[in-house]
Amino acid sequence: MIYSNMYGYDYLKAEKLTYGLFFLSAVGHNAIIQLCYRKDGLINMGKKHLSSVHVSHHKNTAACASEVMPIPDIVKISMSQHIGAPCKPLVAKGDYVKVGQKIGDTDAFVSAPIHSSVSGTVTGIEQARSAAGGYDTLVVIEPDKKQEISEEVQIPEEPKDLAEFVADVRKAGIVGLGGAAFPTSIKFNPKNLDDVHYLVVNAAECEPYITSDHRTMLEDTEDLIRGCQLIMKYDGLDHGYIAIEDNKPDAIEHINKALKEHGIDNIETFSLQANYPKGAERVLVYEIFGKVMNAGVLPADMGCILDNVNTVTKVGHYFRTGVPLIAKKLTVDGDAVKEPKNVIVPIGTLVHDVIDYCGGYKEEPRKILMGGPMMGRAIPTDEMPIVKNNNAILAFSKEKAQVKMETACINCGRCHQACPFDLIPTALADAYERHDAQALFDLDVNQCMNCGSCSYICPAHRPLAFMNTLGKSIVKEAGIK
Amino acid sequence: MSNYKNNLVVSSSPHVVTALDTRMTMLMVIIALVPSLLVSVYVFGPRVLLLTCVSMIACMFFEWLWNAMMKRESTVGDLSAALTGMLIAFNVPAGLPVWILIIGDLSAIIVVKQLFGGLGKNLVNPAITARIILFISFATEMTTWPLPRMAADATSKATPLGVLAEGSLDNLPSNMHLFLGFVGGSLGEVSALALLIGGIFLIWRKIISPVIPACFIGTVFVFALIYYAATGQGDPLQMALFHILAGGVFLGAFFMATDYVTSPLLTKGKIVFGIGCGIMTMVIRLWGQYPEGVSFSILFMNCLTPLIDSFFQKRMYGGKKK
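Going down the list, the sequences are from chains A and B.
Per the numbering used here, the very first residue in the first sequence carries number 1; after that it's consecutive.
Per the numbering used here, the very first residue in the second sequence carries number 1; after that it's consecutive.
With the rest of the complex left out, here is chain A (with noise of 0.2 Å):
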């Protein structure tokens, strides 16, 4: 008060008309924003299509037919490759087993059965560091290269109900290849089953470099299609989707040519931009139905069944043949690769010997990562196992594995701008620097899906996407709901 009279000028009154201006346009703002609401709640976000980046896409093995690699000397298989409890082995040290045998499982409710991808003899049993950074079971397997076939491997019969389909996509070990790892048997048995009526196929592949869901779009067509309609039929829904990103025209015809070969009118193909992330569940459903999808939310919820391509052909493949989850097509790239392809390896074989079945190392390898570059995991050493839900192998040189210095934030807002939810990352970066709880969840960090679109357009190269991750359990600590 004192010195807004020492200038004969009421700046108390100033702030209050600033306020007051600022207030109406709120009004106003808010009123449009009450227009967009949806009768279930939720912001009809007003427009087409979320924010995405463009990556370059970097696809060079697209043309690149899947070789299947030959056994290696040796395999390890680990106990944990399914979000859920891990499985417990159900061999011992000298035992013998052969291809499709049940080698760990479990009770646990979400958890998938894992199998033995080779016949040879269980070498021991050991605990080794995952590339999620805890420790594993791994089987340790050293195959006799004869591929013997368990007994267990035998054509399912036609299931007569949803529940006996759903026993059988456990048994076949089934878990989500986009990269969750979610045990698919789970996802097929919804509680709202009457609200689902759609099939989501997941074939989008918005990671660079990655190219195997291409590939098996192109090569198992027809275990794609019988596993729709394996799971349309016992889940009772009306219309299926496979979405694409339109810069696989080629797989979109293909799959197009099939489905009217087998006079399927109920399956479409659904074409997305090819930016990033448009394989993101939640922005999967978006893109088709036009429904805003919360964090925690199940696709069933939206009324869908939403699993990634490779997933529902696998589903296809078993009911066709019996085997279940043991191999894995892979992406091999990279430039410190010397002969990138597109391999179907045993699960269990070590990174080393994939990249050694491609030409080996062009030049020492200073990152090597799991998945693609947006989300993929960078592993500190190459004596990894394959698990179920890789789906690339990426090797980079030194030149390429520069982490970028971090420079101060310009405040230019392109992260926010590239963000499909429309969180405000740099907010959320100062809000997790001064380790504001409060702040953070205001802030909507439990919705960020880690996708990495803001920490790729960050001029100022600050690493946004791992501030949010570490910025939940910030408020995950602090027990705010």
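Treat the hints as calculated values from the structure; they're not laboratory data.
Some clues are possibly wrong.
Not the full set, but computed from the structure, chain A residues with beta-carbon under 8 Å of chain B [unchecked claim]:
(1) Val68
(2) Tyr96
(3) Ile368
(4) Cys412
(5) Ile424
(6) Tyr456
(7) Ala465
Label pairs and their calculated CB-CB ranges [said to hold, decoys possible]:
(8) B:Trp64 x A:Lys476: 39 to 47 Å
(9) A:Phe289 x B:Ser174: 37 to 45 Å
(10) A:Asn192 x B:Thr267: 34 to 42 Å
Yeah, the Cβ is synthetic: ideal placement off N, Cα and C, and Gly gets one too.
Since the structure of chain A is already known, use the hints to place chain B on it.
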């Protein structure tokens, strides 16, 4: 078989980043200012180049000096100091003594930018503030406008807005001359056309959002239209065009008000910011002491930016009704 264990880089995802970093962004803005610089060299002669180079080098030197004194890593390489230097040169008359210009550079880099914590931390735009400091401290030198090359008569000595402030509507230059830049004024603000080309280049390269320039220029236009229609002076449309083309509106709207650091982050904030700049500019021009109000209006809105940003809490994807 060679295994790799201990020399692998393990970092958080994503593992690729865009090539458009801070340095590249600043370089784009510098490139966008080149057409304007060329017009200015043509209109005022080669001294323009001297001033621009001196200003850029001085700013980079002060940035380097501060970093060296504070034992920090040099940030000269991000080119933001070079851009500030260029913008300061664009905001002074072509005849300004070099030592005055260097005082402007010093105050921009050391006082306005580095004392507040360097790039990204400054509250107000360094170039705008430097202009105002010089304008108030060296009023005579800063308002001694050299003759443009194509000066036809004595009135060209003053800036168009200076002519207007004297109260005469008759001696104003034509809008076409204003658009092309054949008039008196600060070094970089004379040609609306060249600035527009630079601005469109930045919008096309997605360096700046068109929201602030559009709101700024639109508000000035509408404000002038209503004012001259209400007072009955002159032709409202001609006068509205005059106001957006004269003075520093284009330079301010495209290159100064869009400064990331000192403008709001969200689109709604940008709208408020742009309209605020436009209103303040016209209020100063029509009722204020000074003939030109662009720099003061941007400075004013810079100060309101944190308030605007905190006011617009954007609703996020899937946000529930509260």
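Hints violated by the structure (numbers, ascending): Violated hints: 1, 2, 9; rest satisfied.
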